[in-house]
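Student: Going by UniProt numbering, the letters in the sequence shown line up with residues 1 to 204, in that order.
Don't read these hints as lab results, they were simulated from the structure.
One or more of the hints may lead you astray.
[Unchecked claim] In silico lysine to any residue, SDA-like type, Cα no more than 20 angstroms apart, as pairs:
1. LYS79 - GLN107
2. LYS45 - ARG21
3. LYS68 - ASN115
4. LYS78 - PRO194
5. LYS203 - ASN162
6. LYS68 - LEU120
7. LYS126 - LEU37
8. LYS144 - GLU90
9. LYS126 - ILE24
10. LYS49 - LYS68
11. LYS68 - ALA39
12. LYS146 - THR25
13. LYS144 - LEU85
14. LYS126 - CYS97
15. LYS126 - TYR23
16. LYS45 - GLU114
17. LYS45 - LEU70
18. LYS146 - GLY26
19. LYS68 - TRP93
20. LYS68 - PRO194
21. LYS126 - ASP18
22. LYS146 - PRO134
23. LYS45 - SER10
24. LYS144 - ILE24
25. LYS68 - PHE11
26. LYS138 - ASN22
27. LYS78 - GLU58
28. LYS138 - ILE24
29. LYS68 - HIS52
30. LYS138 - TYR23
31. LYS138 - GLY92
32. LYS68 - THR46
33. LYS138 - ARG154
34. LYS78 - GLY57
35. LYS68 - VAL42
36. LYS144 - SER124
37. LYS68 - ARG86
38. LYS138 - GLU34
39. LYS146 - ASN91
Quick caveat, the model's predicted, so the values are computed rather than measured.
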Amino acid sequence: MTIINKLLTSFVHIIMFDIFRNYITGYSAFTDNEFALIASVVRFKTVRKHQHLLQEGEIARYHYFVAKGLLRTYSIDKKGNELILRFARENGWISDCESLYMGTPSQFNIDAIENSEVILFENSAKELLMEQVPAFGKMINTLKNKNTVNFQNRLHESLTSNAEQKYHNFVAGYPELALRVPQHMVASYLGVQPETLSRIRSKR
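Whole structure, please, built from the sequences with the hints as guidance.
Tutor: Spelled out as structure tokens, the structure:
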């Protein structure tokens, strides 16, 4: 790597960490020493469109924070269909927690829908920060609670809403994603056929 490339890479990493710094200060105040500790344990990665961070059968190693771009978690059924579990855009987190915590092969894939910049936290690094940086631990607990609520709401919606209601709720809750995510991926996420979603969209 040339000196210029090293400087450019360092500059990108600084920008990425500044994004993360602004994100976490929305939850709590952090000292300069705490920021320095966080910076010392993270890794940075540029992910190209369609590039995988995790593939089925691998053991997850990281929590991923999206500084820029858009990622998804998905599995593939026996017929070869993609089943999308979630999306993660800027300021979002994504991982396979079961594989990460239990050390078991993942059932899922994580890849980039767009060119993306991500910050990687090993689970041991996250646990260290939760122990040594109280504000970080508080933030993680808040995120866990939000994820639990979101999972409950999505499960309830899948059991009680029809395809049209699901799509309208998706657009209302995530208007930006509705524009950024390809239609067939939105259909997969909602658990409806692409043709059904196309008919629903044509009514708008």
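Student: Does GLY57 lie within 20 angstroms of LYS78 when you go C-alpha to C-alpha?
Tutor: holds (15 angstroms)
Student: Hint check: LYS79 vs GLN107, CA-CA at most 20 angstroms. Holds or violated?
Tutor: Holds, at about 15 angstroms.
Student: Below or equal to 20 angstroms on CA atoms is what counts here, so check LYS68 against ALA39.
Tutor: holds (18 angstroms)
Student: Is it true that the CA of LYS68 sits at most 20 angstroms from the CA of PHE11?
Tutor: holds (15 angstroms)
Student: For the pair we were handed, LYS138 and GLU34, check the Cα-Cα distance against 20 angstroms.
Tutor: holds (14 angstroms)
Student: Given the hint that LYS138 pairs with ARG154, does the C-alpha gap stay at or below 20 angstroms?
Tutor: violated (24 angstroms)
Student: Holds or violated: are the alpha carbons of LYS203 and ASN162 at most 20 angstroms from each other?
Tutor: Status holds; Cα separation ~15 angstroms.
Student: Is the Cα-Cα distance between LYS68 and ASN115 20 angstroms or less?
Tutor: Roughly 8 angstroms separates the two Cα atoms, so the pair holds.
Student: Between the alpha carbons of LYS146 and GLY26, is the straight-line distance 20 angstroms or under?
Tutor: holds (15 angstroms)
Student: Is the straight-line distance between the alpha-carbon of LYS45 and that of LEU70 20 angstroms or less?
Tutor: holds (13 angstroms)
Student: Does HIS52 sit within 20 angstroms of LYS68, going by the straight-line distance between their CA atoms?
Tutor: Since the Cα atoms of LYS68 and HIS52 sit roughly 16 angstroms apart, the hinted pair holds (cutoff 20 angstroms).
Student: Is LYS138 within 20 angstroms of ILE24, Cα to Cα?
Tutor: holds (10 angstroms)
Taken one by one, the earlier hints fail for this structure at numbers 20, 33, listed in ascending order.
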